[in-house]
Every structure is written in structure tokens, then in C-alpha cells.
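There are 2 protein chains.
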Amino acid sequence: MLGRERLKRLAALKEKKYRRRYGRFLVEGPHLIQELAMSDWPVEWLLLTPDRAKDPALRQARRKLEGRGASVALLSEADMARLSEVATSQGVVAVCPLPDRSWSQKQLASWRRVLLLDGLGDPGNVGAIIRTAAWFGWDAVLLGPGSADPYNPKAVRASMGGLFFVPVYEVSLEEALEALLTHDVALWAAVAEGGRPLGEGVPVPERVALLIGSEAAGIRPQWLKRAHARVCIPRLGRGVESLNAAVAAGILLAYLSGLGPKTSAG
Amino acid sequence: MLGRERLKRLAALKEKKYRRRYGRFLVEGPHLIQELAMSDWPVEWLLLTPDRAKDPALRQARRKLEGRGASVALLSEADMARLSEVATSQGVVAVCPLPDRSWSQKQLASWRRVLLLDGLGDPGNVGAIIRTAAWFGWDAVLLGPGSADPYNPKAVRASMGGLFFVPVYEVSLEEALEALLTHDVALWAAVAEGGRPLGEGVPVPERVALLIGSEAAGIRPQWLKRAHARVCIPRLGRGVESLNAAVAAGILLAYLSGLGPKTSAG
Chain A
0 MLGRERLKRL AALKEKKYRR RYGRFLVEGP HLIQELAMSD WPVEWLLLTP
50 DRAKDPALRQ ARRKLEGRGA SVALLSEADM ARLSEVATSQ GVVAVCPLPD
100 RSWSQKQLAS WRRVLLLDGL GDPGNVGAII RTAAWFGWDA VLLGPGSADP
150 YNPKAVRASM GGLFFVPVYE VSLEEALEAL LTHDVALWAA VAEGGRPLGE
200 GVPVPERVAL LIGSEAAGIR PQWLKRAHAR VCIPRLGRGV ESLNAAVAAG
250 ILLAYLSGLG PKTSAG
Chain B
0 MLGRERLKRL AALKEKKYRR RYGRFLVEGP HLIQELAMSD WPVEWLLLTP
50 DRAKDPALRQ ARRKLEGRGA SVALLSEADM ARLSEVATSQ GVVAVCPLPD
100 RSWSQKQLAS WRRVLLLDGL GDPGNVGAII RTAAWFGWDA VLLGPGSADP
150 YNPKAVRASM GGLFFVPVYE VSLEEALEAL LTHDVALWAA VAEGGRPLGE
200 GVPVPERVAL LIGSEAAGIR PQWLKRAHAR VCIPRLGRGV ESLNAAVAAG
250 ILLAYLSGLG PKTSAG
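Protein sequence lines correspond, in order, to chains A and B.
Under numbering that gives the first Met the number 0, the residue at position 68 of the first sequence is numbered 67, and the numbers go up by one with no gaps.
Under numbering that gives the first Met the number 0, the residue at position 153 of the second sequence is numbered 152, and the numbers go up by one with no gaps.
It cannot be assumed that every hint is accurate.
Repeated chains share a single entry, so a pair holds when one copy, or any two copies, can fit it.
[Unchecked claim] Restricting the straight-line Cα-Cα distance to at most 25 Å, the calculated cross-link-like pairs of lysine to any residue (SDA-like) are:
(1) Lys16 <-> Arg61
(2) Lys224 <-> Ala11
(3) Lys153 <-> Glu84
(4) Lys53 <-> Gln33
(5) Lys153 <-> Thr87
(6) Lys153 <-> Gly236
Hints were generated in silico from the structure; no laboratory data involved.
Model the full assembly from the supplied sequences, consistent with the hints where possible.
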């Protein structure tokens, strides 16, 4: 069993300050634990309620995680509820180290599809976007200042495991753009209006970085002006002013992943 | 000012049971009120806190709504907080009648793009999907049993006004499919895997109804078997098992709205 002190420290991981201080984050719920087991993400602890420990669906995930060095402990329902971020705990939580990723230009040479987020503050949207980037096999997601912490429990849950399969970096957009542009990656900026409408044969570059801003503020001008192309999702109806950020990102990621018109790159 | 009894009845509109009983729903926040003013949706009451009543940005919306017959009343911050669905009320709420729409085959002849949802229980996703359908100018959104109430405050907020611009019907899927198929509308079913992958030149029919199921359960077999085509969004990465329902719907709606490959309909 875990002691009171350790349990208190783990519960504190729901807050960003303590995630940074202790270098760890929480992964909650059977589905995410199974995704975690399929990934090669390091795991320190697997914590289960006695009921959940009997769940045959989790047995394989547990074996895999133990094989990778995770310790397993049982927690009472009451203790589990203290770690849980949701109203009704699902009885299983993993404690993982934050990734030891420093922004380096080294990986860049092999990247073909990179997503950059400028000021996306909603953790649910950030998680859903990471999920989509993982689905389409993008090479990296770069989070600029003002974006939600991807290790926030809501973001982790919304990523539905995507976080374990696409590398996510928190970056200075200045440095990241500089590096991408030096490596001949085309920079596309998503704008609400006034860009080239997708669907009209906008050719998809061989290597592309897609920059998305917040629903309310869009991309900050200093980054927008560095883009090679401004693209927008054509509005064909009336009334609504914008799309949900995760939905817009999904449409753009799909388009750039080969679901758009087949035209050769210009 | 509104009396205690009326205020209590209005606060009850946060629950579906009372929305049905009183035939009304709430629209909250300045952005949604402005969208409401741009639409032709009937409005009974516009309720403002004294502070918000001074807001110049809302003046035009208020004039429009008064012109359409809405009564205006001031509410104290405390009373407004009782109506609000969010932690920090934004000081403005409208009371609208539920639409008097009965499912009728009459409109069908002019519909070219129709979205059907089977069992989408999350109000945030349902709202975001309505927002996307309005953005792309779809003709109708049909909600089958098990889908979230589109007049739920969370769904209204997530729709960002889309609810006022695309007709939403709660239907029996049996009846709706029967009517659509009789009218020669092609039925596409979105499946997680095993369908024709979008992007490989799947031709878009002239008139199409897109059927989407829940993330967990998918489309029920009795509806799935009636589809002319099963389509899926190709998974190009690894790890994640599905996309967020609103994101997947967005990608499919975009594709069917002309952002996919340009091929003539088969």
C-alpha cells in the first residue's frame, strides 16, 4: 500500500505546478491504461482498486506494464477517488514520468507533418487534437505559449492515448518556426477567413508545418506573417462564425494527410 | 422584474424534463445572444444583469430582439447565477420557445446534405457537430434515440449559434431512413474500420445522408445494413483506436461538402 504522504503527492499531480515539481503525471481509466500498455511510455506505478484488480480485461495491460518495470499497488475506493479527476472513478490510475524531451533540431530532418498550436487554452481541445494527430500519424505536435498543458488530466483523457503515440513538445514558437523554416518545411497558417479556401486544389507541400491559433484570437501576427500560405476552411452556410478548434484542426489534418483533392505539390 | 415563481421555472429549464414541460430553453452568453439576434429564431425574454445591460456590444442585439417581440428584464447577479449553467455567469440569458418542428417528409425533396446521429450521448459533441453542419450549410441534422438533447445548455453553448441556423429534428431513425431512401438520397454510414477509406476517390453522391454513431458503440446494425456505402477515415498512425466523434463528423462533413477529391458522382 502507498503511504499517506505519497498519496497526497500523487493527488497533487492534478495540478500543473506539481506535475512540473515532481516530473510526473496521471493516466486514468481502463481504456487509457490499455493504450499506455500498447505504447512504450515508461510507467512507474499502476494503482488499482481491489474490484478493478480482478478485471480480466486489464490483466494483459497489467502484465505488460509490470514487465516494463511498473510497480503495482492496490488502493481503496476512497483513496482512488482522491486521485481521480472525474466524478466516478474508474478504479485504475497509472503514474508516469513526464517525457524527457528537449526541443532539438535533430529530429526535424525526418519530419514531414508537424502541427503547431498557438495559444490553444482548452485542455479538451488540445487532447482531441493530439488524438487526431496520432490517428493520422503526424510526426510531432508543438505547443506554443498559452496552450493547455497536454499532461492536464482533461487533456490526457481527451487524447484517448494519442499522447503516447505522437511526440508532443512545448516550445518557443520563435525557435520552432526558425528551425522548421531552416529545414525547408512549408509553413501553413489556418485563418478563419481571407486565406486560400481548402478544396480548391490548394496543393499539399511535401513537408508541411500547420499552425493553428485559438478560436477567439487566431494566430498571433508575428507568427502569421512568417507563413508561406494562409488557408481557411470555406464557410458554406451562414450564421456561425467559426468552427470548434479541434474540429477545424481535424479537417485540416485530414486534408494534409491525403484526404483532400489529389493535386501535385507546387 | 420577474417574480420568484417564474425565475424558479426558468432555472428548471436546465433540465430536459422541464424544457419539454414548458416548451422553452435557455441561451446564455453575449456571443450566443448575438448569434440569436442574427437568426430568425423567436425569443420571449432577454434577461440582463444591470452591468451587462450597459454593454454597447449587446445594444444592437437587444434592439433586434425587442423588434421581434422579446421582453427585456433586468436580473440581479444572484438571480442570473441561478439561471446560469456555467461557474461564472456572463450576465445575459435569453428564453426561447422550443421549435415547433414535426418530422415531415415535405422538406425532404429539397435536401441535398443531411446528417443523422445514432446514439451520440455527449452534449458537447452534439453541439459541436451542429456547429459544423451549420458552417458547411447542411440542410438538416436528424437526431435518433440516445442522442443528447440539442437544447441542453452544454449543447447550445457548444453549437455556438449553429443551432439557430441549421434545422435540427429529433426523429425515429426508422422513419427518417425510410423517408430519405424513398427520396433517393444516398445513405453513407461512417464506420471505424472496414469501410471504403475516404481520400481514395470515393465519389460524393449528389444527395447524401451521412449516418454517424457513437464513439463507443458505432451505428446500430439495423441502420448500418441499410447504408449504400460504408466509409471510414483512414488511420495512418498507430495507437489510438478512434477519433473524437465531433472531429470525425467534421472530417466527413468537410469531405462531403467539397473538400475531398474532385471526382464525379458514380
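Going through the hints against the structure:
Neither within a single protomer nor between protomers do Lys16 and Arg61 lie at most 25 Å apart by alpha-carbon distance, with minima of 29 Å and 43 Å respectively. For the homomeric pair Lys224 and Ala11, neither the shortest alpha-carbon distance inside one copy (40 Å) nor that between copies (49 Å) is at most 25 Å. In the homo-oligomer, the alpha carbons of Lys153 and Glu84 lie at most 25 Å apart both inside one protomer (8 Å) and across protomers (20 Å), since each shortest distance falls under that limit. Taking the closest pair of Cα atoms, Lys53 and Gln33 come within 25 Å of each other only inside a single copy of the chain (15 Å); across copies the shortest separation is 53 Å, beyond that limit.
Within a single copy, Lys153 and Thr87 get their C-alpha atoms as close as 14 Å, and across copies as close as 20 Å, so both meet the 25 Å cut-off. Taking the shortest Cα distances, Lys153 and Gly236 sit within 25 Å of each other only across copies (22 Å), while inside one copy they are farther apart (32 Å).
Checked against the numbered hints listed earlier, the structure breaks hints 1, 2; every other hint is satisfied.
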